[in-house]
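Visitor: Taking this note's numbering, the leading residue of the sequence shown gets 59, the next gets one more, and so forth.
I should point out that these hints are in silico values taken from the structure, not numbers from a laboratory.
For glycine and all other residues, C-beta sits at the position ideal for the given N, C-alpha and C.
Check the hints yourself; a few may be wrong.
Distance ranges between label pairs, derived from CB positions [claimed, not checked]:
{"#": "1", "residue 1": "T353", "residue 2": "N407", "range": "13 to 21 Å"}
{"#": "2", "residue 1": "E241", "residue 2": "R380", "range": "52 to 60 Å"}
{"#": "3", "residue 1": "I390", "residue 2": "L470", "range": "20 to 28 Å"}
{"#": "4", "residue 1": "D85", "residue 2": "V365", "range": "13 to 21 Å"}
{"#": "5", "residue 1": "K300", "residue 2": "T353", "range": "25 to 33 Å"}
{"#": "6", "residue 1": "Q228", "residue 2": "F448", "range": "37 to 45 Å"}
SDA-like, lysine to any residue: derived pairs with alpha carbons at most 25 Å apart [unchecked claim]:
{"#": "7", "residue 1": "K385", "residue 2": "G312"}
{"#": "8", "residue 1": "K126", "residue 2": "M257"}
{"#": "9", "residue 1": "K221", "residue 2": "T204"}
{"#": "10", "residue 1": "K309", "residue 2": "F337"}
{"#": "11", "residue 1": "K309", "residue 2": "R436"}
{"#": "12", "residue 1": "K443", "residue 2": "P428"}
{"#": "13", "residue 1": "K443", "residue 2": "G397"}
{"#": "14", "residue 1": "K333", "residue 2": "G397"}
{"#": "15", "residue 1": "K435", "residue 2": "K300"}
{"#": "16", "residue 1": "K300", "residue 2": "R73"}
{"#": "17", "residue 1": "K115", "residue 2": "A139"}
{"#": "18", "residue 1": "K165", "residue 2": "N231"}
{"#": "19", "residue 1": "K385", "residue 2": "V365"}
{"#": "20", "residue 1": "K385", "residue 2": "K443"}
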Amino acid sequence: MALTTEAFGLTDVGRRRQHNEDAMLVDAALGLYVVADGMGGHAAGEVASNRATEVVKQHISANRHLLKDLGINPTPDSRSAAAALVEVAVQRACADIYRTAMSDATKRGMGTTFVCLAVGGNKGVIGHVGDSRVYLVRHGQCHRLTEDHTLVAAQLKAGTITKDQAANSQYRNVITRAVGIQESVQVDTLIVDLVPGDMFILCSDGLHGYVEDEEVLPLIAGIAPADLPKRFIDVANERGGKDNITAVVVKVAGEGSSVSEESSEAQSRMEALRKIPLFRHLTYKEQTAVLSIATTRTYPAGREIVVEGQPGEELFVVIRGRVAIEKNGVEIAELRAGGHFGEMGLIDNAPRSATVRATEPTRTMVISRPDLMGLMKRESILAVKMLWSFVQVLSDRLRATNSELSEARQELAVAQAIAPFAEE
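Work the whole structure out from these sequences, hints included.
Guide: Quick look at the structure:
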């Protein structure tokens, strides 16, 4: 049995606005869920948010096979195609809204924030522009999967203001990206694994402006998914309701051995990644971005995975099975699930220092240097964290090498001092 999703959404004008300029979409048949928060005045914001939702739905519906391909065979090509599908859909909406605004003076300057979750099998593609958000509730923890495109968020990221200053800043509602303000816009995309029990929450700033990230779990405790949108809206209105409020809740379910195996592997991939020193400083969202570029490979018992002396550019993480590390034909170590090897291949093309061979049927997660470098070019903060981790790993290895060299010198000095058969 495949994974299934059920979704529930609700939008509310709030307590202070006369019109609701938010829009939402819950389309389980298509596997598309959207929240958009329009802006522009004179009902233009409502036009922008609804038009963005319509255009994105039309484009994804016409190309839904790309999402199916991602779910069936998540290769680098299918991942890129699915991410591009969502990005192009939002870009089309952006150009459409911009042209409408340019042809109608009453709608000049209209635009909208936009977040969506497009589902294909056991994968989801998130598209994001502006300050609407997507949260993931998984295994009793809540993770924000989007970063606000606001001036204050950019200042926080750059370290020029503190969290307290951000909370009181007069610019906290100034967004730096929106759909339709210009003819094109930069769209953030993220591919995520879907696991039974997952809950995605899409919302406008009318909700998250009143609810801190750490409050999400207490607010949803003991409440059925179908009742959560109303719960969120009630809380936002109780705390002021100064803006339109929209919430869409998507619950993932599934049964069967194949679903259980995929779920277990998704969890193993994340747990293994978090234990690797190179990724120790990354947030959950950033770790998810790394997983989105990873592929999986299976090796039969006896198969060489990497060969001593040959160049390589991939990091391998053992998901299931066992491998032996061999140096000059001699086994020197063994790795089981969670172990990793080949990380130096992410830095240069130096020859592999050892051969790694599967000693039983083994499944691995693979991250290649070109894919990682592409991600680092797109995500500057992630790149800084990764490079810092590289430095720390190299420093640890240099320190260990120096210690071993010092011990070897001491042993050599002792050996040279003891000469019972030296000539008088």
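Visitor: Taking the hints in turn, state whether each one holds.
Guide: Hints, verified against the model:
1. T353 / N407: 13 to 21 Å: holds, 20 Å
2. E241 / R380: 52 to 60 Å: holds, 54 Å
3. I390 / L470: 20 to 28 Å: Since I390 and L470 have Cβ atoms about 23 Å apart, the given range 20 to 28 Å holds.
4. D85 / V365: 13 to 21 Å: violated, 49 Å
5. K300 / T353: 25 to 33 Å: violated, 46 Å
6. Q228 / F448: 37 to 45 Å: Check passed, 39 Å falls within 37 to 45 Å.
7. K385 / G312: violated, 45 Å
8. K126 / M257: holds, 21 Å
9. K221 / T204: Within the cut-off at roughly 18 Å; holds.
10. K309 / F337: violated, 29 Å
11. K309 / R436: The given pair, whose Cα atoms are some 30 Å apart, is violated under the 25 Å limit.
12. K443 / P428: holds, 18 Å
13. K443 / G397: holds, 22 Å
14. K333 / G397: holds, 9 Å
15. K435 / K300: violated, 38 Å
16. K300 / R73: Holds - the C-alpha atoms of R73 and K300 are around 6 Å apart, at most 25 Å.
17. K115 / A139: holds, 17 Å
18. K165 / N231: holds, 21 Å
19. K385 / V365: holds, 10 Å
20. K385 / K443: Answer violated: K385 to K443 is near 32 Å, above 25 Å.
Going down the numbered hints, you'll see the structure goes against 4, 5, 7, 10, 11, 15 and 20, while the others check out.
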